[in-house]
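For the sequence shown, the numbering used here begins at 8 and goes up steadily by one.
Hint data in this document are derived by calculation from the structure and do not stem from the laboratory. Every residue, glycine too, gets a C-beta built ideally from N, C-alpha and C. Be a bit skeptical, because a hint or two may be false.
[Stated by the list, open to error] The following label-pair restraints were derived from C-beta to C-beta distances:
hint, residue 1, residue 2, range
1, THR35, THR73, 27 to 33 angstroms
2, THR79, MET8, 36 to 42 angstroms
3, GLY20, SER61, 21 to 27 angstroms
4, THR74, ALA25, 19 to 25 angstroms
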Amino acid sequence: MDMLQKNLAAVRGEAMGASLLAAAAIQTSMMLIPNREELLEGISAWIDDTLNQSRSSHGDPDDEYTTMVRETARNLVTQHLDGLWHSLKSPRPPKSPPLP
Numbered sequence: 008m009d010m011l012q013k014n015l016a017a018v019r020g021e022a023m024g025a026s027l028l029a030a031a032a033i034q035t036s037m038m039l040i041p042n043r044e045e046l047l048e049g050i051s052a053w054i055d056d057t058l059n060q061s062r063s064s065h066g067d068p069d070d071e072y073t074t075m076v077r078e079t080a081r082n083l084v085t086q087h088l089d090g091l092w093h094s095l096k097s098p099r100p101p102k103s104p105p106l107p
């Protein structure tokens, strides 16, 4: 494994860890808050506003790198939130009785 691959693996690992922690925090919050739909709507709006306000660090709003980072983040957030919405809307299967 060359240095570029090591760096990419480290960055992807950090991103995956952050994503898992965020998902755990959101799921925990959803168990504690009675209006789960409102919570997810608020999270979604905040993230969307934050990504819409982010700009290139070089002052160029058409910077390809910054745009790709922002839109990749938006895509991943959308996937996670869609999964949470789906889990809210789909009925849970009944629990199996404990084995004797």
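Hint by hint, here is what the structure shows:
1. Checked against the given bound of 27 to 33 angstroms, the beta carbons of THR35 and THR73, roughly 32 angstroms apart, stay inside it.
2. Range check, THR79 to MET8: Cβ separation about 23 angstroms, and the 36 to 42 angstroms hint is violated.
3. A hinted range of 21 to 27 angstroms holds for the C-beta pair GLY20 and SER61, which are about 23 angstroms apart.
4. Between THR74 and ALA25 the CB atoms are about 21 angstroms apart, so this pair conforms to the stated range of 19 to 25 angstroms.
The structure fails to meet hint 2 from the earlier list, while all remaining hints are met.
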